[in-house]
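Peer 1: The residues making up each chain are set out below.
Protein chains: 2
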Amino acid sequence: MKKSLKAILPDGFKANGVACGLKKSGKLDLALLYSNPPALASAKFTTNSIIAAPLIVSKKNLKSAKNIQAVLVNSGNANCFTGKAGIRDAELTCAYVARELKIAKNSVLVDSTGIIGKKLDIAKIKQKIPELVSGLSCSGIQGAEKAIMTTDTFSKEVSVSLKIGAKTVNFCGIAKGAGMIAPDMATMLCFIMTDAKITKRALDKSLEIAVDKSFNCISVDGCMSTNDTVLVLANGTAGNKIISEGKGLQDFSEALDLVCLELAKMVVKDAEGATKFIQIDVCQAKDFQEARRVALNIANSALFKTAVFGENPNFGRVAAAVGASGLKIQESQLKINLGSLKGKQVKLTVGLSRGKASATVYTSDLTPGYIKINAEYN
Amino acid sequence: MKKSLKAILPDGFKANGVACGLKKSGKLDLALLYSNPPALASAKFTTNSIIAAPLIVSKKNLKSAKNIQAVLVNSGNANCFTGKAGIRDAELTCAYVARELKIAKNSVLVDSTGIIGKKLDIAKIKQKIPELVSGLSCSGIQGAEKAIMTTDTFSKEVSVSLKIGAKTVNFCGIAKGAGMIAPDMATMLCFIMTDAKITKRALDKSLEIAVDKSFNCISVDGCMSTNDTVLVLANGTAGNKIISEGKGLQDFSEALDLVCLELAKMVVKDAEGATKFIQIDVCQAKDFQEARRVALNIANSALFKTAVFGENPNFGRVAAAVGASGLKIQESQLKINLGSLKGKQVKLTVGLSRGKASATVYTSDLTPGYIKINAEYN
Numbered sequence: 019m020k021k022s023l024k025a026i027l028p029d030g031f032k033a034n035g036v037a038c039g040l041k042k043s044g045k046l047d048l049a050l051l052y053s054n055p056p057a058l059a060s061a062k063f064t065t066n067s068i069i070a071a072p073l074i075v076s077k078k079n080l081k082s083a084k085n086i087q088a089v090l091v092n093s094g095n096a097n098c099f100t101g102k103a104g105i106r107d108a109e110l111t112c113a114y115v116a117r118e119l120k121i122a123k124n125s126v127l128v129d130s131t132g133i134i135g136k137k138l139d140i141a142k143i144k145q146k147i148p149e150l151v152s153g154l155s156c157s158g159i160q161g162a163e164k165a166i167m168t169t170d171t172f173s174k175e176v177s178v179s180l181k182i183g184a185k186t187v188n189f190c191g192i193a194k195g196a197g198m199i200a201p202d203m204a205t206m207l208c209f210i211m212t213d214a215k216i217t218k219r220a221l222d223k224s225l226e227i228a229v230d231k232s233f234n235c236i237s238v239d240g241c242m243s244t245n246d247t248v249l250v251l252a253n254g255t256a257g258n259k260i261i262s263e264g265k266g267l268q269d270f271s272e273a274l275d276l277v278c279l280e281l282a283k284m285v286v287k288d289a290e291g292a293t294k295f296i297q298i299d300v301c302q303a304k305d306f307q308e309a310r311r312v313a314l315n316i317a318n319s320a321l322f323k324t325a326v327f328g329e330n331p332n333f334g335r336v337a338a339a340v341g342a343s344g345l346k347i348q349e350s351q352l353k354i355n356l357g358s359l360k361g362k363q364v365k366l367t368v369g370l371s372r373g374k375a376s377a378t379v380y381t382s383d384l385t386p387g388y389i390k391i392n393a394e395y396n
Numbered sequence: 019m020k021k022s023l024k025a026i027l028p029d030g031f032k033a034n035g036v037a038c039g040l041k042k043s044g045k046l047d048l049a050l051l052y053s054n055p056p057a058l059a060s061a062k063f064t065t066n067s068i069i070a071a072p073l074i075v076s077k078k079n080l081k082s083a084k085n086i087q088a089v090l091v092n093s094g095n096a097n098c099f100t101g102k103a104g105i106r107d108a109e110l111t112c113a114y115v116a117r118e119l120k121i122a123k124n125s126v127l128v129d130s131t132g133i134i135g136k137k138l139d140i141a142k143i144k145q146k147i148p149e150l151v152s153g154l155s156c157s158g159i160q161g162a163e164k165a166i167m168t169t170d171t172f173s174k175e176v177s178v179s180l181k182i183g184a185k186t187v188n189f190c191g192i193a194k195g196a197g198m199i200a201p202d203m204a205t206m207l208c209f210i211m212t213d214a215k216i217t218k219r220a221l222d223k224s225l226e227i228a229v230d231k232s233f234n235c236i237s238v239d240g241c242m243s244t245n246d247t248v249l250v251l252a253n254g255t256a257g258n259k260i261i262s263e264g265k266g267l268q269d270f271s272e273a274l275d276l277v278c279l280e281l282a283k284m285v286v287k288d289a290e291g292a293t294k295f296i297q298i299d300v301c302q303a304k305d306f307q308e309a310r311r312v313a314l315n316i317a318n319s320a321l322f323k324t325a326v327f328g329e330n331p332n333f334g335r336v337a338a339a340v341g342a343s344g345l346k347i348q349e350s351q352l353k354i355n356l357g358s359l360k361g362k363q364v365k366l367t368v369g370l371s372r373g374k375a376s377a378t379v380y381t382s383d384l385t386p387g388y389i390k391i392n393a394e395y396n
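Protein chains in written order, with this note's numbering: chain A, 19 to 396; chain B, 19 to 396.
Hints were generated in silico from the structure; no laboratory data involved. As the structure is a prediction and not an experimental result, all values here were calculated from the model. Incorrect hints may have been included.
Quick list of the computed label-pair ranges, beta carbon to beta carbon [unchecked claim]: (1) A:K265 / B:G101: 48 to 56 Å; (2) B:G373 / A:E149: 46 to 54 Å; (3) A:S350 / B:A113: 50 to 58 Å; (4) A:Q348 / B:K265: 41 to 49 Å; (5) A:K77 / B:K265: 51 to 59 Å; (6) B:S350 / A:S350: 45 to 53 Å; (7) B:K84 / A:I227: 55 to 63 Å; (8) A:K77 / B:K353: 20 to 28 Å; (9) A:K24 / B:S43: 38 to 46 Å.
Listed below are several chain B residues computed to face chain A (Cβ distance under 7 Å; list not exhaustive) [claimed, not checked]: (10) N66; (11) F99; (12) A103; (13) L119; (14) A122; (15) G135; (16) T293; (17) L321; (18) T324; (19) F327; (20) G328; (21) A342; (22) K346; (23) N392; (24) A393.
The beta-carbon is built from N, C-alpha and C at its ideal position, and this holds for glycine as well.
Make the full structure from the sequences, and use the hints.
Peer 2: Below is the structure:
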């Protein structure tokens, strides 16, 4: 398997990013991803019950369309908590893209990130659709990456290629995060494009597994977004024998795991105000879910996160967070190994003496920078 | 009902506070509460499964003793995550007090607050027990209040008196908090003394109800302590007809509710680094538990708390926190009323359009001050 930290679009995919004026700064804020031939799609969305309008529309289109050809994404406005008008706006933007590309309306997905509760100015979007479409290119992915950013300080991209059977299969993933799951300014979005030929069932299953071990294992502030999306598009241009099970599926899954994990870690590294990247390994658990629950409880402890910021090796805060996770555990069963807190990478290992399963969770420290960013944002 | 924000001990109670050297600053750090006649006791402890040694010993004594006569409390060290030696230390300190007061060992309760995971220096405590006991007095409660403080910036005390039947019944409550439920430096402790004569069953039930509406309705950082304790001692010196049910119990309960709620609010007002006191009213819920769960989810949202600190009326963060609480709710059902964020008191009202129950939760904003205190503490 070959990994590169630069986005290289697989065959058949094009992308572009433009500035349509949703961001006051005038920076890029409208991205388009396009695939010809039409691609198989699989997606995971936020489980927040307050869900943004574009996700409602995208879910509907994913259900009704056999394939997906385009994904429109804007930053600067989440189009969430905007009522029926918000849903109509999301549908209209799909229609603009469909008309310009001469494709079916339901083959367009839409995503938004930015402030919640403000009406999306779709006139600004509409006006820029022709330029967005005419500028689509194989090298346009870097523009698209920038256009989906909010408080991100660097763009997040990765490419992976591997042999499946006799053919080379390629993956390209981009993401935006910043405050991770910060509902209004830092929705987590991830788009993965691959030229693999794969069955819908195998694609869905692989994505489920990959997300569970990556994006579901990171936390910055414990706040769940209304717009979180991870989408994978597979357009089959690699010409491989269709993947459905066995070794082919295993290889595909490993590559998708790697793409998701690399992007998830970048999201944590770019967390709002973070000065440290923290890896939490919980082992000797009964099962993966138990290990992850304990690890996330530590990752979401404001006291643990401030202790790491202060380079204060306070293992008592770890013990208290484990005990508060709902796990019935004795003090004598708990083994805590908190390495040096100097430097930018911090590792914590927690043993539960209950079983053989483990989970790794990534998080960041809690700093005055996080508070400054989130207190001043509007 | 008469309320005073000064602690006045009911008949039969005495208290004292001394400095034994557990706090590096040399401030008061050892408190003793004493009742003669022996008092009926009821207590609520943390539900964290990592539980401090003094709580293990106190629970045991509460089970085996018919009445309680003394409560020893130290600050500066939580005696938690200290293994079997910690339990022996807690038992030894009970024994020192029992010997000096010439009372049964299991009629002494013990509590600790301070850093987790460090051995308690009981030689320092032992040496000061004679002075602590000989100095017990009716006016010693103010010293005891100071001796249980950690990062608290003011002492928390309240007295309430009311007529029950022909007799006046008095309550005196003291508490310490600061970071509330901050496991190592800011355990929440509350001690309530009353001269009421009451059955054990009625006392337990009243405390359960009072705590549910007060200490279980506040949150500063969502971190659960290993040492949290709310204890009520009732010594019966008021000479009232024993309270077991009906109007007498209702009056007693109202007074206990008031004592707990006043102290709980003081804990939030003195939260680490806080600049705002936030009241969250969630109404139109199916039941109290649902309303409180939603309110606590908002209270624990780092994004909401930083928005309040920044006086940034970002109701989208409230909507996202409600949606993340696990409640299945439509956007159109949710009514959010976020008042002015200027000033020290902030009020948020959330309607769920689901029923008639409501709950009120108190919290504070999340500030650089909180991070500074918790990053530097050790």
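Peer 1: With reference to the structure, classify each hint as holding or not holding.
Peer 2: To see whether the hints hold, each was checked on the structure:
1. A:K265 / B:G101: 48 to 56 Å: 50 Å, holds
2. B:G373 / A:E149: 46 to 54 Å: 51 Å, holds
3. A:S350 / B:A113: 50 to 58 Å: At roughly 24 Å between Cβ atoms, A113 (chain B) and S350 (chain A) fall outside 50 to 58 Å, so the hint is violated.
4. A:Q348 / B:K265: 41 to 49 Å: 46 Å, holds
5. A:K77 / B:K265: 51 to 59 Å: Holds: the Cβ-Cβ distance is about 57 Å, inside 51 to 59 Å.
6. B:S350 / A:S350: 45 to 53 Å: 52 Å, holds
7. B:K84 / A:I227: 55 to 63 Å: Hint holds: Cβ distance 59 Å, inside 55 to 63 Å.
8. A:K77 / B:K353: 20 to 28 Å: Given a distance of about 26 Å, which is inside 20 to 28 Å, the answer is holds.
9. A:K24 / B:S43: 38 to 46 Å: Given a distance of about 56 Å, which is not inside 38 to 46 Å, the answer is violated.
10. N66: Holds: closest Cβ of chain A sits about 4 Å from N66 (chain B), inside 7 Å.
11. F99: 5 Å, holds
12. A103: 12 Å, violated
13. L119: This interface hint is violated because 30 Å lies over the 7 Å limit.
14. A122: Given a least distance of 28 Å, the restraint on A122 (chain B) is violated.
15. G135: Holds. Min distance 4 Å.
16. T293: 11 Å, violated
17. L321: 5 Å, holds
18. T324: Hint on T324 (chain B): holds, closest Cβ of chain A at ~4 Å, below 7 Å.
19. F327: The hint holds - F327 (chain B) has a Cβ within 7 Å of chain A, the shortest such distance being about 5 Å.
20. G328: Constraint on G328 (chain B) satisfied, holds at 3 Å.
21. A342: 4 Å, holds
22. K346: With a closest approach of 5 Å, the K346 (chain B) hint holds.
23. N392: OK, holds: N392 (chain B) within 7 Å of chain A, min 4 Å.
24. A393: 3 Å, holds
Checked against the numbered hints given earlier, the structure breaks hints 3, 9, 12, 13, 14, 16 and satisfies all the rest.
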